[in-house]
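K.L.:
Keeping their order, the protein sequence lines are chains A and B. First residue of the first sequence: 33, per our numbering; consecutive thereafter. First residue of the second sequence: 302, per our numbering; consecutive thereafter.
Hints listed in this document are in silico derivations from the structure and should not be mistaken for laboratory results. Virtual Cβ for every residue (Gly too), placed ideally from N, Cα, C. Careful: at least some of the hints might be erroneous.
Rough simulated footprint, nothing fancy, chain A against chain B, three-plus residues with beta-carbon under 8 angstroms [as the list claims (entries may be wrong)]:
(1) 363 to 374
(2) 407 to 419
(3) 428 to 441
(4) 594 to 600
Some but not every residue of chain B turned toward chain A, in silico, with C-beta under 8 angstroms [what the hints assert, rightly or not]:
(5) F424
(6) V579
(7) V582
(8) W584
(9) L605
(10) L606
Each pair of labels, with its calculated beta carbon distance range [to be verified]:
(11) A252(A) <-> V310(B): 33 to 39 angstroms
(12) D500(B) <-> V338(A): 53 to 59 angstroms
(13) I469(B) <-> G192(A): 46 to 52 angstroms
(14) P448(B) <-> G192(A): 38 to 44 angstroms
(15) S511(B) <-> A252(A): 33 to 39 angstroms
(16) G377(B) <-> I64(A): 56 to 62 angstroms
(17) T489(B) <-> F362(A): 58 to 64 angstroms
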Amino acid sequence: MFYREAGQFKTSYAADQSIFPILQDRIGLGLIIATAFVLPVFGSDFFLQTLMIPFLIFALATMGLNVLTGYAGQLSLGTGAFMGVGAYSCYKLATIFPDVNIIVHVLLSGFFAAGVGILFGLPSLRIKGLYLAITTLAAQFFLEWAFIRVAWLYNYNESGAIEVPQRELLGVAITGPAASPMARYYVVLALVIFLTWITSNVIRGRIGRSWMMIRDMDIAAELMGIKPLNAKLSAFAMSSYLCGVAGALMVFMWLGAAEVESFNINQSFQILFMVIIGGMGSLIGCFLGAAFIYMLPIMMRALPDVLGIAMDASTTDHISRMLIGALIIFFLIVEPHGLARLWQITKEKLRNWPFPYS
Amino acid sequence: MELINSIFVEPFVLMADIPDLFLQTLWEGFVSGILYALIALGFVLIFKASGVFNFAQGIMVVFAALALVSLHTKFGVPAWLALLLAIALMGLLAVGIERVVLRPLVGQPDAILLMATIGLTLFLQGAGETIFGGEPQSMITTELGLPTGVTDWEPYDNFRVTFQHIDIAAVVIAVLMVAGLAVFFSKTRIGRALRAVADDHQAALSVGISLNQIWVIVWFAAGIVALVTGIMWGARSDVSFALEVIALKALAVLILGGFTSIPGAIVGGLIIGIGEKVFEVYWGSLFGGGVEAWFAYVLALIFLLFRPQGLFGEKIIERV
């Protein structure tokens, strides 16, 4: 009734091609962003620290993998390692150039991840599918090893972990132990919105279209003048950039200190699950998938208390793992396009409501 | 100059100087290579018959071994019965996977099926932890009648190579199992049907072979291979979920050997097993140690660039 595009006429090509052609979508998005910005006023620090900040960071990493797997069709199992490259290079930058603003470092560290991503993406020019998945596995294990063995990366720390130094933005501490969750939340939120905006436009543009052509049929794409070299490597670069920034944010804005375990193969799988459940080739799906996979174990942990069943923490952990595994298979069978598709169906339904047969 | 020396000269001098260390390294590598080959064998069986790249093979190894151990230690079932029950469990699992996962996903792209098996991995991991507990357990080696002693081979002074009996048993059992599978594939009715399916799905269907039935049999066979691997590997270390990460190395083995070749899986397993041990012992110090973690994958990566179909694989790889 209220969600309908009838009567909204476009008078210019720019308006016709705009990313949200429907007025209600624009209002909805504005509301969501506004809610995200006023959330800290109502939410506690605990809520921001354990739910919102990691959710946004994982959504960014999921977006990175989605660019590669969902849009360019190249399966990658090395997301965790690329996040690690971002985190470690951000740490090095922050300690070598302590005077430069930390936001600049976070954004720059993505470029190191992009470089590594291109390097390990090179085999994709000759092979694809399962074979490529294994080469990304090589990236995962090699980089994980490098994070432990190359002591220079963590400044020869005794513990082998990277610890975030305190940095300020406009006089407010945004990293380090003194930074309040609210300040960190705003930084993460602003960066994620900015990068989502960039990504959505890249995907709608010439480069994004070439990725989708490569995904749908590489030979046909090549015949139509797409260079697979450029398309695939740019997908690897963009994907690793986003993952790298997400990794840097994860350490600097959320964990505060990190070891190699934060970037191991399980992290890669977790991001992959977020992509699958959220929906491959969908940006809104990244947020839905990240929210779902990240929050499910947390809610599972709270569930026994609510139901009044005595169950120890490890059992609920195991059961939630089982549940996620089952859900992945379920989604692959029933709704391969993930939660994003369900969201679309809801919007379709809403468009016809309350007269579905009219 | 020093670098060249330490890469090309010193390791070989060391090998010639202390030959028993070299032989010991080779033997260790050989045994772990056999175990990699067994995991890869499970992959190959399933890939040949159904075109599914079974990421869950590693967790199946853990699951089978855990089931066996827990049945004996937690539920007090005698060892022989526990073995039979574990085999039955793998059969049940095969039927379940075929019904719930494979049948609805017929004809989907490879990547979707791969991701489904990753989901399966997570499910089995959670199920295994819930039912059998997540802590590492030691394998019931003596109860199953497996040897545990040690033999030293010492032909003359200052030359000693140690053989664990369990390692020798692992090699013998692996050889027997591969021989058994070879006979099964070439001599029996079901084996011929399996090969027909591996060759051409459509043609196999048209001569009256039931694909679903074949899939169950193949997953069951892979489950038994997983159980044997789990017993052997569990006897050398512990039965724990850490095994799963080691099992990922079988993927590198597959790249070397080719996805569809059983001899390839064995040769690839041996190359990786021996290669990583020798590389770790003689060249590892150049990189600061711990190279075992990635040697297999980087070798596979290099291999992919020059011979993507593997040593014995079919040449129909999709080039881009």
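K.L.:
Against this structure, judge whether each hint is valid.
P.N.:
Evaluated hints:
1. 363 to 374: violated (count 0)
2. 407 to 419: It holds: at least three residues are needed, and the stretch 407 to 419 of chain B offers 8 whose Cβ sits within less than 8 angstroms of chain A.
3. 428 to 441: holds (count 4)
4. 594 to 600: With 4 residues closer than 8 angstroms to chain A, the stretch 594 to 600 of chain B meets the three-residue bar; holds.
5. F424: This interface hint holds because 3 angstroms falls under the 8 angstroms limit.
6. V579: violated (18 angstroms)
7. V582: violated (17 angstroms)
8. W584: Violated - the Cβ of W584(B) stays beyond 8 angstroms from chain A, reaching only about 14 angstroms at its closest.
9. L605: Constraint on L605(B) satisfied, holds at 6 angstroms.
10. L606: Check passed: Cβ of L606(B) comes within 6 angstroms of chain A, closer than 8 angstroms.
11. A252(A) <-> V310(B): 33 to 39 angstroms: Violated, since A252(A) and V310(B) (Cβ atoms, about 53 angstroms apart) do not stay within the stated range.
12. D500(B) <-> V338(A): 53 to 59 angstroms: Distance hint for D500(B), V338(A) holds at roughly 55 angstroms.
13. I469(B) <-> G192(A): 46 to 52 angstroms: Check failed, 39 angstroms falls outside 46 to 52 angstroms.
14. P448(B) <-> G192(A): 38 to 44 angstroms: Distance hint for P448(B), G192(A) holds at roughly 40 angstroms.
15. S511(B) <-> A252(A): 33 to 39 angstroms: Cβ of S511(B) to Cβ of A252(A): about 36 angstroms, so the range 33 to 39 angstroms holds.
16. G377(B) <-> I64(A): 56 to 62 angstroms: Distance hint for G377(B), I64(A) holds at roughly 57 angstroms.
17. T489(B) <-> F362(A): 58 to 64 angstroms: Given a distance of about 36 angstroms, which is not inside 58 to 64 angstroms, the answer is violated.
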